[in-house]
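Asks: Full structure from sequences and hints, please.
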Amino acid sequence: MITNAVWNRATQIKLLAELQGFWADDLWDMHHSPVKDLSPSARQRRLRFRCKSTAINGELKYLCWKKFSSGEWRSTQEISRVHRMIHWLNSMPTLPSSLLEKDFSVWRDLYRTYLTELGQYKTGTTSRMDVEQRPRVTGRDSSFVSTLRQACILLRQAYDLRPDREKDIWDLKRMGVPTNLSQSNVKLSFLVIKQAWLRTAVKSYLSYCLPLYSASTCRTRVQSMACFSNFLAMEKPPVTTRSITRRLLLEYLTYLQGKVRTATSKNHVLTLRNFLEMAHREGWLTIGPDRMIYDEEVPQPAKHQPRYLPATVLDQLNSHLGDLKPPWRRKILILQECGMRISELLQLPVDCLTQDARGVHYLRYMQGKVKRENAIPISLEIARIILEQQAEGRNRDKPSMWLFPNERGGVIKQATFAHRINRLAYDHDIRDATGKLFRFQSHQFRHTVGTRMINLGVPHHIIQRYLGHKGPEMTSRYAHIHDVTMQDKLSEYLKGTLIDVTGKPVPEDGMNDSADLQWFTRSVLAQALTNGYCAIPIVAGPCPHPNACLNCAHFRTDATFLEVHRAELHETERVIAKADANGWVRQSEMNERKRTSLINIVTTLEANHG
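Residue numbers (UniProt numbering): 1 to 610.
In case anyone wonders, no lab produced these hints; they're calculated from the structure.
Errors might be hidden in some of the hints.
Stated by the list, open to error - Calculated cross-link-like contacts (lysine-lysine; reagent style DSS-like; alpha-carbon spacing at most 27 Å):
id, residue 1, residue 2
1, K398, K436
2, K67, K187
3, K203, K167
4, K167, K122
5, K187, K173
6, K67, K173
7, K187, K236
8, K266, K14
9, K236, K14
10, K325, K303
11, K398, K67
Unchecked claim - Pairwise CB distance ranges, derived in the manner of DEER restraints:
id, residue 1, residue 2, range
12, T138, N455, 25 to 31 Å
13, K303, L437, 25 to 31 Å
14, T123, I153, 18 to 24 Å
We put the CB at the ideal spot given by N, CA and C, even for glycine.
Replies: Below, the structure written as structure tokens:
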């Protein structure tokens, strides 16, 4: 509920005094707005503030200033909505001194009546796929009413001069807390905590948590405490601090059974236990003893195996990717090969592609949970579609820092991705082996990649780094599917320095040159030869230089294959001698080039490794 609890005249005067220059005028020509990149049409370029209440007129200016300056409003369609709101306010016999003198619900009902009488009250709908893979259509209020709602919310926050951490709603972005840009909600609301004493303590707890955990984790902890608050609200008489006893907590454990899934119940209980221990230690609440919930009382959900995508489902998905716009098709293809978290995919920077001296392309990005930049080798096909996406981005009117931006240049939301892929599955009737409509979850691509790497015999520590797991526990979950064939130590596998067909050493790329990644590029992405490696990934198809690797710029070798090269040089010289003796000029010429390359290789390797 949006209330008027924080409004007062003195604060209003201070707020309106912040309006300076362009923003203080009663007529705004948006062609001359301090905010750049607005392109209003001639009909919508001017915003006139003609409300008969000077104070409310100022509040509307304050609203528009903040919305346009922050980038929340980019479309000048908002101009017509503000004009409509002013006409409505002027139609009233009298006006209060502030929009916050009345509750939003009162304003909303009055505005709806006004719009209905004009024939302009039009609602909309939003369609999303639900967990049962069915389209769920929900109602959406009129865009005019939405603008009024935004005005009341913004003004309520502006009038509340308390320190941010004392407020009931925390704007994490304004507080400087790093947030996941692919998630919509950047606020923490404590209004879900019903008891005032508990709400204050939970705020202290979240102040402690915010520097240590992600915003998403902190939001989950508030939800866990809200569940406990709902339980306390059922108790009679009302629960106080002194009422929190071990007996009450055991009743709560019983309450959770059947209320939520076991995994959620475990999270709620662990959060509550941590909160109570912190509250006791820091003195937020007068409770004791140190521990009132023990390990054996924490619900333990069944351990589920990784939910990888069945091959039949993937085949169906890929057969219909052509129905998606190219950027969406590229996102799904990258997920299928790289298995990154959806937040990592949607926040890929536009300059994420690199290439090392071996000719291998790498995807460089920030891995969310481990909070470090990583570079993973990718196939030539994935590199190609990234280059295509980068080229499209350069042709945008307003280039973005993101590889896959939304229409405004920002980060696409996870919910949007989930809707697009599941709508595709619904429209094309994608089903699993049981005949059930299949619901895609982005993490399934990640599990599929992990499973595939286990099947290829990739060592666990390489998978852990590739996927960005914090520890080996998650990686080990993939190992049950197939026995792991461990590879030789890479220090032996990468013996010596790589050279090309001219005998010149190939410099290493510092960021990309690690034993783990080079093992992956050689064993999974690259084509193996009897005497070296081809740097063209397997997905690029057959070699364009059949039987001519020693004349190919992509060829790489090292001292591991020195004896092979010596034997091949000896055999090549024998073939040349026979060709010369028989007058086979063509055969002699072809093998002479091969002999030159082999001499360069053998000479260099012998000089470097004796």
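Asks: Determine for every hint whether it applies to the structure shown.
Replies: Here's how the hints hold up against the structure:
1. Between K398 and K436, the direct Cα distance comes to roughly 43 Å. Violation of the 27 Å bound is thereby established for this hinted pair.
2. With a CA separation close to 17 Å, the supplied pair K67 and K187 stays within the 27 Å bound.
3. A C-alpha spacing of about 9 Å is found between K203 and K167, which places the hinted pair at or below 27 Å, so the restraint holds.
4. A threshold of 27 Å between alpha carbons decides the hint, and for K167 with K122 the separation of about 34 Å lies outside it, so the pair is violated.
5. A C-alpha spacing of about 8 Å is found between K187 and K173, which places the hinted pair at or below 27 Å, so the restraint holds.
6. Between K67 and K173 the alpha-carbon distance is near 15 Å, which keeps this suggested pair within the 27 Å criterion.
7. Straight-line distance between C-alpha atoms of K187 and K236 comes to about 32 Å, which puts the hinted pair past the 27 Å bound.
8. For the given pair, K266 sits about 48 Å from K14 by alpha-carbon distance, which is inconsistent with the 27 Å threshold.
9. Using a Cα cut-off of 27 Å, the hinted pair K236 and K14 is violated, with the two alpha carbons roughly 45 Å apart.
10. Proximity of K325 to K303 is assessed by CA-CA distance (about 38 Å); at most 27 Å being required, the pair is judged violated.
11. Of the supplied pair hints, the one linking K398 and K67 holds, its CA atoms being roughly 20 Å apart against a limit of 27 Å.
12. A C-beta distance of roughly 42 Å is found between T138 and N455, which places it outside the suggested range of 25 to 31 Å.
13. At roughly 27 Å, the beta-carbon separation of K303 and L437 lies within the given 25 to 31 Å, and the hint holds.
14. Separation of T123 from I153 is about 20 Å and conforms to the stated range, judged on CB atoms against 18 to 24 Å.
Hint violations for this structure: numbers 1, 4, 7, 8, 9, 10, 12, all remaining hints satisfied.
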